[in-house]
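Engineer: If you read the sequences in order, they're chains W and X. Take the first sequence: its position 232, counting from 1, is numbered 232 in the working numbering, and each next residue is one higher. Take the second sequence: its position 120, counting from 1, is numbered 120 in the working numbering, and each next residue is one higher.
It is worth saying that the hints were derived from the structure and are not from the lab. Some clues are possibly wrong.
[What the hints assert, rightly or not] The calculated EDC-like cross-link candidates involving lysine to aspartate or glutamate, where the alpha carbons are at most 16 Å apart (straight line), are:
1. 233(X) / 202(X)
2. 40(X) / 12(X)
3. 242(W) / 215(W)
4. 99(X) / 202(X)
5. 132(X) / 133(W)
6. 127(W) / 226(W)
7. 132(W) / 133(X)
8. 127(X) / 202(X)
9. 132(W) / 123(X)
10. 132(X) / 123(W)
The chain contents come next:
Number of protein chains: 2
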Amino acid sequence: MDRLSLWKEKIEGRLRELFSPLATGELYDAMTYYVFQPGKRIRPLITVAVAHSLGGDENDAITAGCAIEIIHNYSLVHDDLPAMDNDAFRRGLPSCHVKFGEGIAILAGDALLTYAFEVLTREGAFKTLSPKDILNIVNIIAVKSGVSGMVGGQALDIGGEEDLEKVNIKKTAALFEACFMCGGIVSHREDRLPVLEEVGREFGLLFQLADDILDRDGFFLLLGEEEARRRAKTMYNSLLEKLREISLDGSEIESLVRLVYSRVT
Amino acid sequence: MDRLSLWKEKIEGRLRELFSPLATGELYDAMTYYVFQPGKRIRPLITVAVAHSLGGDENDAITAGCAIEIIHNYSLVHDDLPAMDNDAFRRGLPSCHVKFGEGIAILAGDALLTYAFEVLTREGAFKTLSPKDILNIVNIIAVKSGVSGMVGGQALDIGGEEDLEKVNIKKTAALFEACFMCGGIVSHREDRLPVLEEVGREFGLLFQLADDILDRDGFFLLLGEEEARRRAKTMYNSLLEKLREISLDGSEIESLVRLVYSRVT
Numbered sequence: 001m002d003r004l005s006l007w008k009e010k011i012e013g014r015l016r017e018l019f020s021p022l023a024t025g026e027l028y029d030a031m032t033y034y035v036f037q038p039g040k041r042i043r044p045l046i047t048v049a050v051a052h053s054l055g056g057d058e059n060d061a062i063t064a065g066c067a068i069e070i071i072h073n074y075s076l077v078h079d080d081l082p083a084m085d086n087d088a089f090r091r092g093l094p095s096c097h098v099k100f101g102e103g104i105a106i107l108a109g110d111a112l113l114t115y116a117f118e119v120l121t122r123e124g125a126f127k128t129l130s131p132k133d134i135l136n137i138v139n140i141i142a143v144k145s146g147v148s149g150m151v152g153g154q155a156l157d158i159g160g161e162e163d164l165e166k167v168n169i170k171k172t173a174a175l176f177e178a179c180f181m182c183g184g185i186v187s188h189r190e191d192r193l194p195v196l197e198e199v200g201r202e203f204g205l206l207f208q209l210a211d212d213i214l215d216r217d218g219f220f221l222l223l224g225e226e227e228a229r230r231r232a233k234t235m236y237n238s239l240l241e242k243l244r245e246i247s248l249d250g251s252e253i254e255s256l257v258r259l260v261y262s263r264v265t
Numbered sequence: 001m002d003r004l005s006l007w008k009e010k011i012e013g014r015l016r017e018l019f020s021p022l023a024t025g026e027l028y029d030a031m032t033y034y035v036f037q038p039g040k041r042i043r044p045l046i047t048v049a050v051a052h053s054l055g056g057d058e059n060d061a062i063t064a065g066c067a068i069e070i071i072h073n074y075s076l077v078h079d080d081l082p083a084m085d086n087d088a089f090r091r092g093l094p095s096c097h098v099k100f101g102e103g104i105a106i107l108a109g110d111a112l113l114t115y116a117f118e119v120l121t122r123e124g125a126f127k128t129l130s131p132k133d134i135l136n137i138v139n140i141i142a143v144k145s146g147v148s149g150m151v152g153g154q155a156l157d158i159g160g161e162e163d164l165e166k167v168n169i170k171k172t173a174a175l176f177e178a179c180f181m182c183g184g185i186v187s188h189r190e191d192r193l194p195v196l197e198e199v200g201r202e203f204g205l206l207f208q209l210a211d212d213i214l215d216r217d218g219f220f221l222l223l224g225e226e227e228a229r230r231r232a233k234t235m236y237n238s239l240l241e242k243l244r245e246i247s248l249d250g251s252e253i254e255s256l257v258r259l260v261y262s263r264v265t
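Bound-form chain W, shown alone:
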């Protein structure tokens, strides 16, 4: 089994483990409804791949990545709500608020967001990190997912902001920045945080552009198909170039970049 598949299995296992102490019931069912659906797990995979490249502990990277995955899932639950994107389906199944009701879906998102911070700060959550490192991880995840990051981007989006790149940098790329940066902290390479943040932003923008092309949405509508595909190719090449520059080429990070780009080629 290749490394990415192996890591993905471990990520699935860790997610199950992280939710296992919780009391079951309707809120639990709503919280885990999206989390336990099959997904690409691309965010935690990035954190693990970066840590692997930089010599960080795999298990600690999985824990940080799973917290980000939990935050990603809360954002999906809230995004689908009638007052937001009003999506009745996700992955071919009824969306969370359709299945559980709007009130429980709002609370499930709140509970997931809070739970991400709970699992990050549990005693013994990380084996190779100091309390200071863990605080750093919590802070990066909070900054990148909050008002100055993902939630700020969602607000621009529903506010009708016309600068799509500005929206995407916050709404999509910020959480990918957190994935790359947490991989750096797990590896005790704070010196690389600025460049990991930059790569994370480029990765996130490529990811969103690929999504737009697949969904015939966003930049696809703005630029037209041909120009959108041309831009994706340019971004893909620039990202591979950057990985070479910072000696993270040839790694599973590169495979993840190829995976994202291959969806539109």
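Based on the hints, put chain X in the right spot on chain W.
Structural biologist: Only chain X this time, still in chain W's reference frame:
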């Protein structure tokens, strides 16, 4: 000026300070809409009063208390939503979703919740606490406000749970437990956490009962006015007794207990 009034002024000032680095705009306006309305600030006051009694740093207690106040305010924004309590007014003014729209209100709540964890984990946020202490504070706040605490209680509530005390312990008392416990951690008195948690629960239940009596709701309806008032008096006396037992009587904590009880006498 008495100590509680002085602390309250400092709490107001710290809240303004904490939000000052944020970019203004619609999301910022929605986030700060409830936070900057005049309030009792009873949650941060508890944290400061406990820290004062136990010899902890006032400024650090204010910071921890303000994070809890921010979480309390996110819960108000989400509670008021049409899918939850559907309250069009709060404190005589249009509620957050009426003023800003449901989508922005959902995001404002999400952003406030995330921001509480951001401010707690900022470098230099606390002067007298170790990174381990801060992690402990973050974890307590996450546990008490999440699926096993406040959000769990809200889910029981909208699910029609009939055991009111069970709902109130989670929905209301859990965050008060966090207030008392954080005061203990700021004072480096981890040995007192169990008893502070217990006092916090009793305080929260008295607070909710007083609210029920004022709103002619909850236990007021269940027990009738006379029995509800009798129970509030019993809880009040038992709480003062407990404060004496653990030598926290005669302090501003006692004044806060009296303040809560005086609302219904």
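Engineer: For each hint given before, does the structure comply? Return the numbers of the non-compliant ones in rising order.
Structural biologist: 3, 4, 6, 8
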